[in-house]
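Numbering (my numbering), first residue to last: 199 to 517.
Hints were generated in silico from the structure; no laboratory data involved.
Predicted model, so just to flag it, every value in this text is computed and none were measured.
Please note: incorrect hints may appear among the correct ones.
Within a straight-line C-alpha distance of at most 25 Å, the following computed DSS-like cross-link-like pairs (lysine-lysine) qualify [what the hints assert, rightly or not]:
no.: 1; residue 1: Lys325; residue 2: Lys389
no.: 2; residue 1: Lys325; residue 2: Lys349
no.: 3; residue 1: Lys238; residue 2: Lys405
no.: 4; residue 1: Lys389; residue 2: Lys405
no.: 5; residue 1: Lys388; residue 2: Lys367
no.: 6; residue 1: Lys349; residue 2: Lys389
no.: 7; residue 1: Lys405; residue 2: Lys388
no.: 8; residue 1: Lys405; residue 2: Lys436
no.: 9; residue 1: Lys325; residue 2: Lys367
no.: 10; residue 1: Lys436; residue 2: Lys473
no.: 11; residue 1: Lys367; residue 2: Lys318
no.: 12; residue 1: Lys405; residue 2: Lys325
no.: 13; residue 1: Lys405; residue 2: Lys349
no.: 14; residue 1: Lys310; residue 2: Lys238
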Amino acid sequence: MHRINATLHPDSSLNPGSVARMIAGLQRENGDIPWHIGGKTDPWDLVESVMGLNIGGFHDQAMAALDWLAALQNENGSWYSSYIDSVPEDRTTESHMACYLAVGLFHQFLIKGNTADLEKFWPIMSKGVGFALDLQAVTGEIYWAKSPVGKVDPMSLLSGSSSIFMSLKCALAIAAILGRDRPEWVNALKKLGRSIRENIFTYNVSKSRFSMYWFYPILSGALQAERANARIDRYWHKYVIEGQGCRCVSDQPWVTIAETSELVLALHAIGRRQKAGIVFSWIHNRVFDDQTFWCGYTYPDMVVWPEDKISWTNAVVLM
Numbered sequence: 199m200h201r202i203n204a205t206l207h208p209d210s211s212l213n214p215g216s217v218a219r220m221i222a223g224l225q226r227e228n229g230d231i232p233w234h235i236g237g238k239t240d241p242w243d244l245v246e247s248v249m250g251l252n253i254g255g256f257h258d259q260a261m262a263a264l265d266w267l268a269a270l271q272n273e274n275g276s277w278y279s280s281y282i283d284s285v286p287e288d289r290t291t292e293s294h295m296a297c298y299l300a301v302g303l304f305h306q307f308l309i310k311g312n313t314a315d316l317e318k319f320w321p322i323m324s325k326g327v328g329f330a331l332d333l334q335a336v337t338g339e340i341y342w343a344k345s346p347v348g349k350v351d352p353m354s355l356l357s358g359s360s361s362i363f364m365s366l367k368c369a370l371a372i373a374a375i376l377g378r379d380r381p382e383w384v385n386a387l388k389k390l391g392r393s394i395r396e397n398i399f400t401y402n403v404s405k406s407r408f409s410m411y412w413f414y415p416i417l418s419g420a421l422q423a424e425r426a427n428a429r430i431d432r433y434w435h436k437y438v439i440e441g442q443g444c445r446c447v448s449d450q451p452w453v454t455i456a457e458t459s460e461l462v463l464a465l466h467a468i469g470r471r472q473k474a475g476i477v478f479s480w481i482h483n484r485v486f487d488d489q490t491f492w493c494g495y496t497y498p499d500m501v502v503w504p505e506d507k508i509s510w511t512n513a514v515v516l517m
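Make a model of the complete structure from these sequences and hints.
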């Protein structure tokens with residue numbers, strides 16, 4: 199792939215309208231939002247893009263994306279791992295993708311205050327949560343996926359289970375707003391939280407090179423207070439390049455804008471707002487000429503890679 203040298207824009211500031219407009223520009227007529235021009239779509243990152251659209255005020259486009267997603271839900275509540283032009287590319291069905299709709303819906307409610315949207319998508323969201331919880335082990339962790347032939351892979355991912363923890367919290371908030379009792383979701387959330395806090399090494403440690411393994415338990419709220427702060431401090435220099443941002447993986451000099459933005463959110467969630475502001479200041483000018491954000495860049499050679507303008511990367515910057 200051709201790589202372009204990074205040109206910084208020192209005077210740039212976040213332009214939510216430009217960023218959200220880029221996401222909307224990627225949307226197809228049927229509501230689908232691929233990663234980039236000609237790219238694939240996955241359900242989790244589509245929900246990220248929906249949140250970016252809602253932040254930018256593109257509410258009709260956000261609803262169109264949710265309608266597209268709802269139409270493609272499988273009978274068992276899952277979605278396939280990826281699609282190209284609405285056709286399944288990878289028929290694996292992942293637990294964290296099945297229930298992330300709850301996060302997007304609750305986020306949309308916080309912005310719009312519209313319970314009609316919650317009512318409309320409640321059956322879809324509930325089926326997705328049900329698929330994920332059917333993969334919960336008795337010890338609390340949630341297996342990551344079923345294969346294309348429907349076989350459960352009994353492996354749990356810390357980042358995926360942390361995402362599910364957040365999804366369950368949002369699903370329960372929606373249930374409360376709509377006056378619906380879901381004690382089984384409450385119990386599942388308690389078991390999952392206990393697993394993340396007390397049995398973290400039961401999760402696939404081979405994925406620990408990914409920075410999401412580090413901060414997702416904090417971003418989701420599964421780890422809080424002293425435990426969260428201790429985890430941030432213990433692994434900070436493993437994943438963070440000072441003055442640049444967060445690596446995608448600890449053993450590569452690739453700083454990614456999405457992971458850095460998520461780290462900012464995690465720091466803010468545990469009250470380290472000054473630190474969060476400092477980290478965000480490192481990436482605020484990592485933009486193309488149109489003020490949309492790079493996906494990532496290598497350091498110290500400062501080469502933008504990949505050069506695609508990514509929908510969900512820009513969405514998480516808006517968050």
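Hints not upheld, ascending by number: 12 and 14
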